[in-house]
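Peer 1: Spelled out, the chains give:
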Amino acid sequence: MRGWLRRAVLALALPAALLALWAIVSERSQSFFMPPLGKILATFGPTWIPRLASDVLPSVGRLAIGYVCAVLLGVGFGVALGSLPRLRALAEPVLEFFRALPPPALVPVLMLLFGVGTSMRLLVIVSGAIWPILLNTVEGVRAVDEVLSDTCRCYGITGAARLRRFVLRAASPQIVTGMRQGLSIAIILMVVSEMFASSSGLGFAIVDFQRGFSIPEMWSGIIVLGLLGYGLSLLFRAFEARVLHWYHELRRQQRGEG
Amino acid sequence: MALLEVRGLNKVYRSQGRTVEAVRDLTFQVAEGELVCIVGPSGAGKTTLLKCVAGLLEPTGGSLALEGKPVVGPPPGMAVVFQEYGRSLFPWMTIEANVELPLRQKKLPRDESQRRVSDALAEVGLADVHTAFPWQLSGGMQQRVAIARAIAYQPKVLLMDEPFAAVDAQARADLEDLTRSLWSRHGVTILFVTHDIDEAVYMGQRVLILSASPTTIREELTIDLPAERDQLGTRSLRRFAELRAHVYEQIEHAKRART
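Residue numbers (my numbering), protein chains in the order written: chain A, 1 to 258; chain B, 259 to 517.
In case anyone wonders, no lab produced these hints; they're calculated from the structure. Ideal placement from N, C-alpha and C gives every residue a C-beta, glycine not left out. Each hint should be verified, as a subset may be incorrect.
Claimed, not checked - Which residues of chain A face chain B? A few of them, derived with a C-beta cut under 7 Å, are:
#1 D145
#2 V147
#3 D150
#4 T151
#5 R153
#6 C154
#7 Y155
#8 G156
#9 I157
#10 A161
#11 R169
#12 W246
#13 L250
#14 Q253
With the sequences and hints as input, model every part of the structure.
Peer 2: What follows is the structure, given as C-alpha cells:
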C-alpha cells in the first residue's frame with residue numbers, strides 16, 4: 001500500500017508542479033492569446049460537457065474504428081509479407097514509397113476521391129497508422145525462432161494453429177511496438193482530418209474556437225486532447241502488460257542472468 | 259523389417275556458387291524399440307543428418323523410410339528433442355500448455371490429453387510445475403519438459419539432437435538415466451545424436467561412429483554392456499572403458515583423416 005502511494009505521488013508530482021507554475025505565471029496575464037489558467041479551467045466544464053456527444057465521442061469513435069482497421073490490415077498484410085519472401089521482394093519498393101508520403105498530404109486527395117465525410121477521415125487515420133504496424137509485424141514474423149518453427153513442424157502444428165499459437169505470439173513484441181507508434185499517429189491524424197471541411201470533432205472544435213476568438217475555449221480543447229492521449233496510453237499500457245507479460249518477465253530474467 | 263531405414267543419404271548445401279557436401283553417403287537401419295547413438299567429431303554434419311531424418315531438411319540424394327513409408331516432411335509418428343531447450347519451448351505458454359499443444363493438434367479428447375500431460379510430467383519428475391512458465395525453470399528442467407512433451411505425443415521414433423550438451427554435468431547424468439528408463443518403459447525407438455563419447459557408449463545399444471565431413475559411417479559398434487545401466491557401476495566396468503577407448507580412437511582417426 002505504501003509503495004502504491006509513493007508511486008502515485010511520484011507520478012503526480014511533476015504534473016502538479018507544472019500546473020502550479022502555469023497558474024502562477026499566467027495569473028496576471030493581460031495577453032488575449034494567453035489567458036490565465038483559472039479562466040481556461042472555468043470554461044472547461046461549460047464548453048465540453050455539451051460537446052461530449054457532438055464532438056468528443058464522434059472523434060473517439062472515428063479514432064477507434066480507424067485504428068482497429070489499421071491494426072487488422074497492418075497485422076494481416078504484415079504476416080503475409082513476413083512469411084512470403086517473394087511477395088516481400090515484390091512489394092517492398094511500393095511500400096517504401098507510400099510509407100514516405102506524409103499522411104496529411106493525402107487529405108486533399110482523399111477529399112476529392114471520397115468526399116468530406118467519415119470515410120475520408122477514417123482513410124486518413126488508416127493510411128498513416130498502418131505503416132509502423134505493418135513494418136514491425138513484417139520484422140517480427142521474419143525473426144521468429146527457427147528452433148520453435150522446427151518444433152511446430154515436427155508436431156504437426158500447421159496452418160491456422162501455427163499462425164495463432166506460434167507466429168502471432170512470437171511476433172507480438174514487435175507487433176505491439178508497432179501498435180503503440182500507430183496509436184499516436186492515429187491520434188494526430190484524427191485531429192488533422194477534422195481540421196479540413198468538418199462540422200464536428202475535437203480538431204474541428206479547436207479550429208472553430210480559434211477562428212471565433214474564443215481563446216480560453218481553444219486552450220481547453222488542447223487540454224482535452226492531452227487528457228485523451230494520456231488516457232489512451234494508459235489503456236494501451238494495460239493491454240501491453242496483459243499480452244506481453246511473458247516477454248517482459250523473460251527479458252528481465254535474461255538481464256538478471258547476464 | 260527395420261523401423262527406420264536410411265539409404266545412401268546425401269546432403270549438399272548450395273549457396274551462391276559455393277557448394278558444401280555436408281553428408282556424403284549414409285546407410286543405416288534402426289529396428290523397432292532400439293536405442294541407437296550417433297557419435298562423430300564436431301562439424302561432422304550430425305545435426306544435418308538428424309534434420310534430414312526428421313523430415314525438416316530435404317536430402318539431396320538417397321532415401322529415407324519410416325515404417326516402410328518414404329519420409330517427405332516431418333512424419334506424424336516422430337518427435338524431436340532439440341539441443342536448444344530454451345528455444346524449443348514456447349515462452350508464452352505454461353509448461354502444461356507446452357506439453358499439451360501437440361496433443362490438441364492431434365484432436366485428442368480433452369480429458370485424454372490432460373491425462374497424458376500429467377502422466378508425462380509426473381514421469382519426468384515435474385508433477386508440481388504445471389502452471390509455471392519455461393523461463394522460470396532451470397535448463398535441465400526445461401529439457402525435461404521437452405522430453406515430457408515428446409513422450410506425451412507417443413511417437414514411434416524419438417530423435418534427440420545433442421539434447422544434454424547445454425545442461426550442467428549433474429543434470430546431464432540424471433537426464434541420461436531418465437531417457438534410458440523412459441525408453442525401456444515405453445518401448446519407444448530412440449535415435450540419439452551426441453558428440454560425447456562417454457554418453458554414446460553409456461546410452462546406446464548400438465553406436466554409429468561418423469567420419470568427419472563429408473560424412474560417412476565409419477563403424478557400427480554394438481555395445482555389449484548389461485541392459486541395466488547405472489552411472490557409477492556401468493561407467494566403472496572394464497568393458498565400458500574398452501568400448502570408450504575404441505570409439506575415442508575411431509573419432510581421433512576420423513579427425514586426422516580430414517586434415
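Peer 1: All hints, please: hold or fail.
Peer 2: Here is how each hint holds up against the structure:
{"no.": "1", "hint": "D145", "in the structure": "holds, 5 Å"}
{"no.": "2", "hint": "V147", "in the structure": "holds, 4 Å"}
{"no.": "3", "hint": "D150", "in the structure": "holds, 5 Å"}
{"no.": "4", "hint": "T151", "in the structure": "holds, 5 Å"}
{"no.": "5", "hint": "R153", "in the structure": "holds, 5 Å"}
{"no.": "6", "hint": "C154", "in the structure": "holds, 5 Å"}
{"no.": "7", "hint": "Y155", "in the structure": "holds, 4 Å"}
{"no.": "8", "hint": "G156", "in the structure": "holds, 5 Å"}
{"no.": "9", "hint": "I157", "in the structure": "holds, 5 Å"}
{"no.": "10", "hint": "A161", "in the structure": "holds, 6 Å"}
{"no.": "11", "hint": "R169", "in the structure": "holds, 5 Å"}
{"no.": "12", "hint": "W246", "in the structure": "holds, 4 Å"}
{"no.": "13", "hint": "L250", "in the structure": "holds, 5 Å"}
{"no.": "14", "hint": "Q253", "in the structure": "holds, 6 Å"}
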